[in-house]
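K.L.:
For the sequence shown, the UniProt record's numbering begins at 1 and goes up steadily by one.
Watch out, some of these pointers could steer you wrong.
What the hints assert, rightly or not - Heads up, simulated DSS-like pairs for lysine-lysine below, C-alpha to C-alpha not over 27 Å straight-line:
no.	residue 1	residue 2
1	K88	K133
2	K514	K427
3	K99	K88
4	K268	K308
5	K133	K99
6	K567	K552
7	K268	K427
8	K514	K498
9	K350	K405
10	K567	K579
Please keep in mind that the hints were generated in silico from the structure rather than gathered at the bench.
Since the model is a prediction, treat every value here as computed from it, not as a measurement.
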Amino acid sequence: MAVVEKFLRDGRACTEAEALGKVLNERYRRWFLLSVLPRQWCRDKRRNVLYAPVFQLLFGTSDNEEELDIFIDSTESSQWRLLLYNMKNSCQEVLWETKGAELVADIFRFVPASLHPASFDLRCVTVGDTHEKLGLFSDRAFSLFKTRLEHVLAPLALQSFTVLRHHITEVISGRRLPGMAGEVVAWAVQHEPAAVDVSAPSQVGNDAVLRSFQQVHPLLYTASFREPDNSDSIVSAAGAMTSDGTGADGSFPALEVERRMAIENLKKRVGHVTSFTLPTISSSDTSSAVTGDGRWHVLLIQKPFVEKQEVSEENLDPGPLAPQPIGAELHLMQDGGEVLYLQDRLCDEKSFDTVYDDMMHEDGEVFAQLTPLEGIAFDDIDRFLFFLSMQEQAVETFPCEPLCKGSCSSYSFPKVVYRTPTGSVVKDTPIASPHVEVLEYSPRNEHDWAAAAAAFQFLSRNIISCKDGNYTLPRDVSPVPPPTHNEVCSWCQRRRDKLLRCGRCRVEMYCCRKHQMNGWKSGHREMCELWQRAREDYEQRVLPHLKERGVKLPQTTTASTVMTLFKFLTDNTSALQRKVNPIIHVVDADSDVQPFIAEFAPCVTAARSDWGPSHSEWPWKQLRILLCSDTFAEEDHNAVYAVTNDGNFVRTPPTTVLGDVWHTHSSGDVANSAVLLRFCSTKYHIFANDTMIRVRTTSGSTDESDITPSAVAYFGKSTGNGMTYFSGVAEILADRFVGHIPVLCTEATLVNAHNSVHAVFTRVKNSSVINRDIKNAVLRCHGDPSSLIQLNIDGMGGNAADPRASGAFAGPLPAREVAVARHPNSYYFVIPSVGGKK
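I would like the entire structure built from these sequences, with the hints used as guidance.
P.N.:
Structure follows, in structure tokens:
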């Protein structure tokens, strides 16, 4: 046994009186109960309450010497043995209520009378006068405590008993009680989780905050912040509702009222949130929040007040930490983008489980709040009360009664700490919701203190009182400026002012090193090399090709799509000759109907001329093309256009013939036309699932209702990142067409093409629908799907697509858009049919 633990009886000590009665088998002549009021705060996790504890430790000795002093003796030479320790009760429960006397009564009740001591002494130890200033201890409290103990001890057959107060005047910060008492208390704290000191980090250095505290507006610690709203306009609109449910001005009052209720429910969950930027103050000012470290931005959160319920079997939720501060939380950061990101997440009406600490960035934040004195280190409370005693005017502004329910004092303390998440997930109780652990430290430097002081001053100067007694801020008061770029963290989608760039690919952006490591492990290791190859290929092949071919390349997306489609048909003529009237599915052609037909019709004449002067070698009786895209107009849904041999086109009228989806019975010219174009304004996977199309094994079908394709061509959009595993098109292609018929896919960049080809082949590999022999043949023939990707030499668009045209970017382009320009259909890959290969 370690030397420091020689005070233990048989190497252990009890924590309950009943347990002591069962294990105690030796009579000690003297018992000594030490009731210590430590200068610290504890947290009852079960009830989620902060309280000032009383540590009660029972010692016993058989030594007859009366001079034994537990405050002088050391553990090495002392004859005292620790019998029991209780560290869970508060000053209120022990001194003002009955738990202190009840503990003594239980000890004598459970311990057999034959083992009772001859004498019993109790010392109530206080250090300094902070407990008395806060009303936690007083002469009356000790008198009540002593009287209750005397009622318990008087009937017992004790030779003597005493109940005295032991006051230690000198307060030495960080020092424990003298002698053996201090060593035993320190040991007990280490072995009792409930006795852990949860006091806030030291506030030494908060002179700037204390000076600004003199001018703090009383509303900041007596009232709550409220966001300004437009409730009046909503009410008036609702009153103007007409019979059709719309307002006189064309609005929808019912929807506005519903939205207002959603916002009110959000406020009940999250509270009221706003943000602002602290003004730049000259560095000569000692209260300056800006001294070379950039401007500070503040996220203000006024959490809703929740009436705590008594914890019971019916109510296991302990509620918020008590006493609940009235003052709003001020989260100070030097990255405005981070503030706007957090505000947007907190104000998201669709998020029902948003927890601020779970979203905190690893850079941490400076946290400031006007809180009750519970939880503030006793040394800081002494400094604060001394400061107030020197400011008579400041003292007069505080009310006489506690503002926060459950608080021991009416004072509000300007707490300032630096908070940072650890990354660990913890639970306060077994039934509590898990959350990210956040640690608090003292502010890092004087700039943190100055920023907090400036935040209190800013609010005091700009708040406006409300009719309900609360306060608000004007909407346009010093708004947080958004970042000057459109980059976001590739891992968490934060749009911070400053982001880190991957040093290899120089495309992916990250908000911190940790997220960069997470991104690297979760897939960027492979994508980084791909982006490097994409940049090199664009610089070494695409740019020279654009410079050489120039105007000879298609100048529009529609022209690029048509030219690429005809090249695909030409290259796969043999596969398409299995049917008299082959059907080609064209997916997501990014064009309107009329421009597409105007570009497509002349190409038909040119293509037929290439097959021979008399067109006798044209390989198909009639080519039928089905185009699916949700960008087509509703009036063009199921429209059929006939393209004649000479390049003219006409929209065909529908017929009454059952199953005539191609309108071939409308006239003889339609039946004899070279190409039929049918447009469907819907997403392809929806169309495919509704029609249940699959590749049929029969050939030469002349069924006019047949829409089974002989080939599929997918044209990727110029925006986005290509197909993913969850793309509907990838699922349809893999389950129904890959391996059976030729499949063409185009993309604007090499990265998009890589993503799409791997999405399709991953779908093929995991598909339980595709024929097993076909699947094995496809995977065996294309062990490296990336090798299928080729540069579209003749069909790529000559002009790069402008990402701003889609509305995705309003400012500067992100790095990935600048690194590789998006030319329509720049890359393509064709997955050929494998037929009966095994």
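K.L.:
Look at each hint and say if it fits the structure.
P.N.:
Outcome of the hint check:
A hinted pair counts as satisfied when its Cα atoms are at most 27 Å apart, and K88 with K133 qualifies at roughly 23 Å. Under the criterion of a C-alpha separation no larger than 27 Å, the hint pairing K514 with K427 is consistent with the structure, at around 23 Å. For the proposed pair K99 and K88, the alpha carbon gap of about 11 Å is at most 27 Å, so the pair holds. Simply put, K268 and K308 have alpha-carbon atoms about 15 Å apart, close enough for the 27 Å limit, and the pair holds.
In summary, the hint linking K133 to K99 is supported, as the alpha carbons are separated by about 23 Å, within the 27 Å threshold. Only pairs whose Cα atoms come within 27 Å are accepted, and K567 paired with K552 is accepted, the gap being roughly 16 Å. Between the alpha carbons of K268 and K427 the distance comes to roughly 23 Å, so the proposed pair stays at or under 27 Å and holds. The hinted pair formed by K514 and K498 meets the criterion: a straight-line CA distance of about 15 Å does not exceed 27 Å.
Distance check on the hinted pair: K350 and K405 sit about 32 Å apart at the alpha-carbon level, beyond 27 Å; violated. Pair hint K567 plus K579 holds up; C-alpha atoms about 19 Å apart against a cutoff of 27 Å.
Checked against the numbered hints given earlier, the structure breaks only hint 9 and satisfies all the rest.
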